[in-house]
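Peer 1: If you want the building blocks of each chain, they are given just below.
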Amino acid sequence: MAKKRTSKSQKHIGQVPGTLIYTGQKKSNPLSIETFDYNLERFEEKEIIKIDDAFTYKSTESITWININGLNNTSEIEKIGKHYNLHPLILEDIVNTSQRPKIDEYDDYIFVVLKMLYYDSEEKVIAEQVSFVLGPNYVLSFQEAEGDVFDSVRDRIRHKKGRIRELGSDYLFYALIDAVTDHYYTIIETMGDKIEDLEDNLFNGQSQSEISQQIQNLKREVLKVRRAIFPLREIINRIEKTDNSLILPKTLHYYRDIYDHIIQISENIDIYREMIWGLMDMYMTSISNKMNEVMKVLTIIATIFIPLTFIAGIYGMNFENIPELKFKYGYYVLWAVMIILFLGMLYYFRRKKWL
Amino acid sequence: MAKKRTSKSQKHIGQVPGTLIYTGQKKSNPLSIETFDYNLERFEEKEIIKIDDAFTYKSTESITWININGLNNTSEIEKIGKHYNLHPLILEDIVNTSQRPKIDEYDDYIFVVLKMLYYDSEEKVIAEQVSFVLGPNYVLSFQEAEGDVFDSVRDRIRHKKGRIRELGSDYLFYALIDAVTDHYYTIIETMGDKIEDLEDNLFNGQSQSEISQQIQNLKREVLKVRRAIFPLREIINRIEKTDNSLILPKTLHYYRDIYDHIIQISENIDIYREMIWGLMDMYMTSISNKMNEVMKVLTIIATIFIPLTFIAGIYGMNFENIPELKFKYGYYVLWAVMIILFLGMLYYFRRKKWL
Amino acid sequence: MAKKRTSKSQKHIGQVPGTLIYTGQKKSNPLSIETFDYNLERFEEKEIIKIDDAFTYKSTESITWININGLNNTSEIEKIGKHYNLHPLILEDIVNTSQRPKIDEYDDYIFVVLKMLYYDSEEKVIAEQVSFVLGPNYVLSFQEAEGDVFDSVRDRIRHKKGRIRELGSDYLFYALIDAVTDHYYTIIETMGDKIEDLEDNLFNGQSQSEISQQIQNLKREVLKVRRAIFPLREIINRIEKTDNSLILPKTLHYYRDIYDHIIQISENIDIYREMIWGLMDMYMTSISNKMNEVMKVLTIIATIFIPLTFIAGIYGMNFENIPELKFKYGYYVLWAVMIILFLGMLYYFRRKKWL
Amino acid sequence: MAKKRTSKSQKHIGQVPGTLIYTGQKKSNPLSIETFDYNLERFEEKEIIKIDDAFTYKSTESITWININGLNNTSEIEKIGKHYNLHPLILEDIVNTSQRPKIDEYDDYIFVVLKMLYYDSEEKVIAEQVSFVLGPNYVLSFQEAEGDVFDSVRDRIRHKKGRIRELGSDYLFYALIDAVTDHYYTIIETMGDKIEDLEDNLFNGQSQSEISQQIQNLKREVLKVRRAIFPLREIINRIEKTDNSLILPKTLHYYRDIYDHIIQISENIDIYREMIWGLMDMYMTSISNKMNEVMKVLTIIATIFIPLTFIAGIYGMNFENIPELKFKYGYYVLWAVMIILFLGMLYYFRRKKWL
Amino acid sequence: MAKKRTSKSQKHIGQVPGTLIYTGQKKSNPLSIETFDYNLERFEEKEIIKIDDAFTYKSTESITWININGLNNTSEIEKIGKHYNLHPLILEDIVNTSQRPKIDEYDDYIFVVLKMLYYDSEEKVIAEQVSFVLGPNYVLSFQEAEGDVFDSVRDRIRHKKGRIRELGSDYLFYALIDAVTDHYYTIIETMGDKIEDLEDNLFNGQSQSEISQQIQNLKREVLKVRRAIFPLREIINRIEKTDNSLILPKTLHYYRDIYDHIIQISENIDIYREMIWGLMDMYMTSISNKMNEVMKVLTIIATIFIPLTFIAGIYGMNFENIPELKFKYGYYVLWAVMIILFLGMLYYFRRKKWL
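Protein chains in written order, with my numbering: chain A, 1 to 355; chain B, 1 to 355; chain C, 1 to 355; chain D, 1 to 355; chain E, 1 to 355.
Read the hints as simulated data drawn from the structure, not as lab findings. All figures in this text were calculated on a predicted structure; none of them were measured in a lab. Any given hint could turn out to be false.
Because identical chains share one entry, a pair is satisfied inside a single copy or across any pair of copies.
Here are the simulated PhoX-like pairs of lysine-lysine, each with C-alpha atoms no more than 25 Å apart in a straight line [unchecked claim]:
{"id": "1", "residue 1": "K58", "residue 2": "K160"}
{"id": "2", "residue 1": "K290", "residue 2": "K353"}
{"id": "3", "residue 1": "K161", "residue 2": "K79"}
{"id": "4", "residue 1": "K161", "residue 2": "K82"}
{"id": "5", "residue 1": "K46", "residue 2": "K160"}
{"id": "6", "residue 1": "K79", "residue 2": "K250"}
{"id": "7", "residue 1": "K224", "residue 2": "K194"}
{"id": "8", "residue 1": "K46", "residue 2": "K82"}
{"id": "9", "residue 1": "K82", "residue 2": "K160"}
{"id": "10", "residue 1": "K79", "residue 2": "K46"}
{"id": "11", "residue 1": "K290", "residue 2": "K352"}
{"id": "12", "residue 1": "K50", "residue 2": "K82"}
{"id": "13", "residue 1": "K79", "residue 2": "K160"}
{"id": "14", "residue 1": "K79", "residue 2": "K50"}
{"id": "15", "residue 1": "K82", "residue 2": "K250"}
{"id": "16", "residue 1": "K46", "residue 2": "K58"}
Work the whole structure out from these sequences, hints included.
Peer 2: Structure follows, in structure tokens:
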């Protein structure tokens, strides 16, 4: 019955742990590397093609941010891994894009996987994986493809806005994570709009099976977003509680701020869940109401005309001796009787509030 | 499909952390500042326009309460922040009115965000954000607009009621939070009344789709209130357990009292939730019952008259040889038969309890 | 829409904390005070009117139980408070009868609020608040009105039954709480009976909207009882774990016993909840079943007679040339056909198990 | 409304704590006492009538198991209590057979209450209370009536099977609890069979109200069993974590084994719960399906014959000038038209998949 | 009612703890033993029939993996147990294949029970039990039958892929568990496909009772898989937190990796649960929609033709004096009236969106 599909994770089964296999769908994305190197006084921004060109930054005192787009080129990823001394399992996690958001602390770096959420052109939620490595004076970030939510961070570095140039790599790390989580608000809002639109449609005349399908789709969207966002609570929590010297105490308040945002977003998601279930209920009720109305029409018509038809039937009988048939005004009297009956019925239905 | 709406939070995305952007809707509210400065012997109450006028109080030993209405004027807020040495993130939280209730402890002050809940003129719940900063001998409070729930506190300071003039800023802090939470009781009660009213309407003749809409609205109202109140449990809990010297041990019992109130209110909200779900069930049942009744009427009418009409049809046939038609009293006999049948049906339905 | 009602809690809003305002409904209850003073050798029981008469007991070594009925007379309550050095918030809690059950530990006394549950004459659950203060050699109890569940305790003191006269005030405290919780069993049982009765009514012919209303009422009753009983688990738990010297280790087993009872009662309540929800389901199913039956009757009648009526209609037509009409036995043949059709239908319905 | 019933627990209300009142239903069961006294070398088994005959074992070094059947004879129970120095509350719990499963640790013994579950002859679940006291070299067990699940333990003692004769009273204690929990598996399986049987009946023709009743009964059975078994998790957990010297470290692995069984049984029960709720859903769906089918039959018949009857009605009219009536083959043409209409309808319904 | 079935667990009840009884269904599987013995330099692979042949490996320094297929031959299992000094309860757990996944730590070995999940040829989930014992330089694995998921591990040992030959028995242990959990992904995906297929079928014309049955089956499958996988979270967690020297700190990151996978799989399962419940809702809605449609057809037909039939009935009456009957064009006028009525009805239904 179930057709066989080749799938992301199956490619991975049975491999030696630490084998790099890119599991995303953006196969044709070329590798592109962006580097920022800055301190309070100066900054340098480069676009490079070979990862080796970035390795000189490792020994400098200044803060370095290396942003790698395109995970398809696993050999280059492996080179970075070797240069920065990353554990093979981390490299595996970077290229396996079906990771759950998570944090791994090692002695000399912290590894975090997040999901950037977008709505694509068909209004579907897309989750793109982005991984961060925070080291003593560097941050590495790995994305599946170009195009991200970090423009405001780049801007701040370039134009020395805020305190980013004054503080260390832990603040840069914060700023990047903050940019990702900030973007969740737009997702949340689009979702809220969708729910409102659907609610309006419930009472306008839209095909019923469509609505049922839309509700089901929304439920899934909420589940998907929830799954991308909820693990963040634990991640930020662990950053806040870490005793790793990579995170300086004075940046902890910033992480606390992200935590508050995540809680707020999570609560919104849970409220949306409840609202969608409420929609389902309202939808079921509206179906029942419609059926009720259909039944009422049928009942009113049948209840009025079936007895009248019976009366007409009576006087359509061919008995030789039906005295009423011979009365001169019999026909008119009968009409009067039927009209009275008709009005009586109407009155009865109005009293029952069916009309 | 989803129309684009400009929204509160989107304004904020991509900003440098610590940027002050007022996200509330009361844009045109002018800044107005109220100051209370008191100790056991004396008190002074002023209404000022420029925040600088309030700065002299910082160095005095007496307790100072500075209440700022109108968060639109972010530059003045920033001045206070600088004077009282508040963290930029806190200032951002004060003017961003879509905060979740929360507490942040710093070394020399405690920051708390709460929601004041009101019913507006259309019986909708409005949540106005109010932020507090508790310092060694001062309390700052920030509201979106004038009009609040603190009149009883002002009164107590002015007329030396209770112990407020004897105790320190931590008691003032308590008194303000207590005023906010006390007001939740009125919300809870109005909500309880609404549920009762809706319950009465279920059985009176109100349009069905209206009721379904009202139930859905009530559900949301409960969710909204819940969201404003539930985080308070953790906030008060953390105040109780703090080892911050700003909260003196002898005021802890007062915070415990607030905690008990919050628990009680929270329980009420959860009970309302259950009751509203119960209403939904009753409503579904009442729809089913009505449909049942409609069906019964139809069935009774059809079951009685369809056979009778059949009989009339029989004797309306034009066979040349139907002996009954020629009987002298055939017509009367037939009526008798039909009346007996009719009564038999009635008896049957009565035995089935359908009449 | 929502009518304004004066309500308990509103009276309280905006008051100075510690203000005594009686919020119960038994306004006209006069104050009545009962005192027991006993040790192993002797006991003394008095009924007094002024609280001052009881103050001599404070200095004695013997155990004293002062039971105050009627909380309307707040000035007398205040006197006790002053004499026994009770915190103003405790006095406020004693007279505010909408408290949630709770425990407050102070240095030299423990304060507990409980709910006594009764069924009144209309089979409604009434929750009367009772507060206890346990001191080194005394127990104070405060009730809204006379009439309580402590007769067995009085008896044991008077007749030296059990160990009550041998042990200290902590055992008396236990005995009083035990009397309150023991009484919950009767509530639980009446509730169980009600559920069983309702279950029987489901299948007997009771008006449907009535049953739906009764189920909703039962749900609320369970919620109310649950709310009165569940906090007790935490209260007893905290008594067991206290390091307060007022509770001697040798009475701890007795509190453990209460704890076991509370757990058992709580489990019963949760089971009742599930049973009531089950009733709702059964009720919905029974409505559906009834509708099904109504539909079947309609369908059977209509399916049998509509075709027969059609046939009769055919031979009621006035075509000049319908050969069958001229057959001598045409009419009888037709009857035969119709009877065969009728029997065929019956057979069909019987095979479909509709008859 | 609610009839008064004398009930177990009411007998108990208002009693001095520690009063022995048997609350079970097996009033006429005579007391019967079984004793086993054994060590590695020898064993002795006796059936005695007076409890005093068992008291000689207390001073011996060998392991003693005293099994008391029949809790009606409270004075004998009290004698044992006095001899083994048991707390009055424990004796009260032994004879009060509506206890919840629980554990109480005292300095020199451990007290455990369990429920033995049986299916009686009417396939109803019966929960019989059994209490154990584990002392330094003895185990006491108390049952309501003769007949239990301990035959395998007796056998092992008699025939020196397994390690029971080598180990101490803590192993005997384990063996008895293990025998009780092992028996739960049969309960679980019968329950699983019942669910399967009910599932089969859903689709066979069984009266609908019966099925609804059976589902409700099964739900209750699951609740009852759950209530008897779930507390065991905590009980075994506490035995495992106890620092009481009565339980030797080397038997801990055996208790761990029981714990695993209990978890497994509990999971089964929860799965059954879900399955029963699923049955309810399937049942509701099957009702809806049946109603759907009834409606289809009605609609098909009515939709086919109502228009045909209308046509016949047209030509039954008595207008003087209806030209069709005079056509020679008018009648036959009409039949042709009606048959075509009939076939068209059939085709329409078949395309709609109603036939 | 419930038929007696001989069942797995019943065989076990009342046995001496530690008795080896194979409870699986693969009775006829012959014992087959595979041994791997390797270190960095060399490896040796053998297939043996008698367990004694494997015992020489115990004393060597190299890592040994002994894989036993077929648990029917309990005497051989007992021999291994004796040789490797395993606790009797562990041996009992190995052959009792209805174990819940679990971990037991002993001083010199760790025992883990897992479930391998397969889809059999009928697309049913099969759970085969596999047990592992990790010792200082060996791993024992026990399976019910040949055929497993370990081929990739064998390969890595044979061809020195990855780090398996460099590391100790704890890494081998990890590699085996990892192979089991990796395979869960295929289960998860097949399940996802099944849900999608079922969703498609909802809207295609499949028999309704079939769909209801399929949904119920899927629910059970999810429950079964959940039950096999969820305990793993605790198992891996305990391995990570163990202070047992068998697990070296440097392999801990690998176990963390398994943990992440398990969490991801568990989340998927929970999402499937929600989706299946959503399907049930959609299915119920689709039934209601269909019923609604049936009712509409009936109502439209009846509402149109019942009044028309009544009109025809009127002019079928045999009154002597019905003037309309004598009009020359009466018949044609009537047709016009009826056609207008018919069109009016159609218009009404179209406005009501029923057509």
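Peer 1: Out of the numbered hints, which ones does the structure contradict?
Peer 2: none
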